[in-house]
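Undergrad: One letter stands for each residue in the lines below.
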Amino acid sequence: MENMSAYPQEISGENIPMVKFAKVRKAYGDLVVLDDLDLDVAAGEMVSIIGPSGSGKTTVLRMLMTLERINSGCIYVDGKPLTHMPANGALVPASERHLRKRRIDIGMCFQHFNLFPHMTALENCMEGPVQVLGLSKAEARDRTEELLEMVGMIAKMDQHPSRLSGGQQQRVAIARALAMRPKVMLFDEVTSALDPEVIGEVTNVIRQLVSEHNLTMLMVTHQMGFARDISDRVCFFYDGKIEEQGPPAELFGNPKKERTQQFLSAVKEAV
Amino acid sequence: MTIFEFVGQYWPRLLSGTGVTVTQFLAATALGIAISLAMGLLRLSHSMMLRGFAVTYIEIFRGTSLLVQLYWIFFVLPLFGITVEKFTAGYMAVGMNIGAYGAELVRGGILAVPKGQWEAALAINMSAAKRMWRIILPQALVNMLPPWGNLMIELLKGTALVSLISVTDLMFEAKQINGTTFLSAQVFGVALIIYYILARFMLTPFMRWLERFMARKMGRA
Ligand SMILES: Nc1ncnc2c1ncn2[C@@H]1O[C@H](COP(=O)(O)OP(=O)(O)OP(=O)(O)O)[C@@H](O)[C@H]1O
Ligand SMILES: [Mg+2]
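Residue numbers (this note's numbering), protein chains in the order written: chain A, 1 to 271; chain B, 1001 to 1221.
Extracted from the complex, chain B is given alone in its bound form (with noise of 0.2 Å):
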């Protein structure tokens, strides 16, 4: 069978399993940039106590594989009586992990923000959460967004553990296809194609356009 007529075949189930992949993929992106956010600026704060909460969470999801971290919360939670449906635990797990390494970005961008943009924003009396909101992220987030593009794709690519635990994504079709026809080159040689086109045709172009957007904002395109 030629790609073409595989593809002719079964491009409902390729179709759907890549909308649940890119569901997923946003799912995680909105978990991990909220959770970015979230320890970055305790990784920051002033009382041990937080800055130490921080330090763990990053720790130990940096620390410890993906897969491992999206078992736990599917199969050890309903342990102690928390059971995620697997969706959610899907994106939970990969969005989680992202944040522990966004977080580390938010961090580095935030102190990479000039001493003198604080100082300026004090001096109008302006107060701590306005400081950091209206003048120091926007800035960190300029300072941040190309390691960012490169985050994003590692998040696309963990989002395919997540068919380990029977979310029907991408590659989740793509096994069952294989199991039930053994056309393995074909199967995963389409799925390959529509990972790489999601990461470089879609994902790239958008992430180069929100830089040069953020440059025009700074006055600087």
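Chain A with its partners taken away, still in its complex shape (with noise of 0.2 Å):
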């Protein structure tokens, strides 16, 4: 097992960074799909993920929301471990019950929704304040229907999945996470399933998140355009490594890197 005392227990200190990625690593078998991965998000942030297929960005996510476990490194969520904690003054990997109390401050939204089926849109974004924070219905209900009222499906909240649109669909799922009351928000391509005419009521949403609320974010999105609006800053990934990153004007407006710079050409191309 890595020799984890190079990590600290907890970072202190001023602007402690909201996510911290330190020397990452994930692989599969002899895939090596995060190499040694640094980065910073800072509270408030919005970082945007872009990158050829395979890059490694769903993966960053999925390790961030504790999907799945990470070979070495260790990730921070507001300055504490996520993927480890501390035992007789050092850091071992993280148990079952470590990951249900800090994972608590992550939620996530998907490419392709997966609302729960047998639940309507409302059922849906109440289940995790009754059944994980415990809250009354009454309050969850309050809650739910604030962030259904936000997002445009308040008139739909009693639809099961299965007669909502994509993009309704896509709605409903931000404001289950919403309901959460996570300090970050991941969102994985989640416009990439829906089709394009409803592709703006999904990244409307989003943009409101951006401006009204402090919610960290890390979104992974094939939409540069959409990504140069919003983003504080964007990451190219490239082989389970950030190869560039900036400001979205720095970025998009003169990538430095070579792969940077053919990936971007190649995306402007496909469009």
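Accuracy of the hints is not assured; some may be wrong.
[Unchecked claim] Listed next, the stretches of chain A that the computed footprint assigns to chain B, with coverage defined by at least 3 CB atoms under 8 Å from CB atoms of chain B:
#	stretch
1	100 to 114
2	154 to 167
3	236 to 244
FYI, nobody ran anything at the bench for these hints, they're computed from the structure. Note that the coordinates shown come from a computational prediction; the quantities given were computed from them, not determined experimentally. Ideal Cβ placement from N, Cα and C applies to all residues, glycine included.
Both chains are sitting in their own frames, so use the hints and assemble them into the complex.
TA: Next comes the structure, spelled out in structure tokens:
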């Protein structure tokens, strides 16, 4: 097992990053998907992740959501280790219990929405607040209706997902994640499965989140224009590493690395 | 004696036998569902021991005959000091046998639920138990209802074997009547019809209704 002594048990001081990937490595067999990744995301920052297929973009989000375990390194959320926990003065891999305590700060939206098909839109959003946070039905309903209102789905709150369009389902999924009041929101290509004419209704919700809420966000996207519009920073992934990153104007306007230039011009041609 | 005269004369015994058959069926169903769930979940457990236990159970009860299992429970267990009353032994054997088949249905139904459902449930930080009970099992149930319908019919037919340990079910009454009257065509003809009616006009429509009901709950209908 990796010697964890190089990793602090808690990050202190000013400007603690909301999310910190410290030398995070993830491999499937021989295939290294994240190659000693270092990435800090400040509180309230909106970071877009772009890059070619298979470069590890989804994997970054999945590791942060603790859907899978990392092979080495450590992920911190709000200064405290997520993938590890302190035990007898050292960091050891997190127990299931530790993960449950810490992942409460993180919410995620998926490419294929993954709404619960046996529940209405409202029930989907109330499930976490009632079953996980222990809110009363009435409290959960207040909180949830407010969010469904925000994403423009209040009129359809009693419908099952099978009766909703892709764009509507994705907006409910966003409300479901927000109902848990996470500090960090993850979006994995949330518009990729949508018909072109409904992409706007989902991106508008995300825009609104950026302008009106102080959430920390990580967004994987293929929509370069959208990323350019709303991100504080854009990270270009290549082969499990950040090849280049910077403010959107710089990364899109004046990419320095050859691979970034190639990728951006290939994407432009495809449009 | 025509079949109508026959029924006119023997209906009380046929009816009481049918009642016992239905009771055996319901008790075996309850036990079978409980065992199916338990074994289906254990079969998917992370612990090798629990998995091994479930696999062994399923293998034994699927790999041997229901009649032998029934005799074991009724005639062999007492040799080890465990006496089971015949009525109980009857539905226990049928329920435990059906449970082994049902466990495979439960397991298959759970595995057929898309991975994204587990992940979405995890992303809202649900505990493993709640993920299973509230998110996965309800969907698995819908997946496995159609094959469950067939299993229930097998179960109903299986209950006829309990007459062999003298549970006074429909088959037992039929054999008794046959033994005293030798009206074989009439008595077994009526028994056949009653089993058919129970299966096709009660059980099957109920399962269809249940499927429609669940589809509505899923917002599919
Ligand atoms: N469970 C898994 N088992 C084996 N390999 C995997 C698994 N999950 C992902 N990979 C591999 O890891 C690599 C990175 O996958 P990832 O999903 O992070 O890529 P991505 O950048 O999101 O790509 P895309 O733009 O196509 O979504 C890919 O080569 C993928 O095949
Ligand atoms: Mg991806």
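Undergrad: Mind listing which of the numbered hints don't hold for this structure, in increasing order?
TA: When the structure is compared with the hints, only number 3 turns out to be violated.
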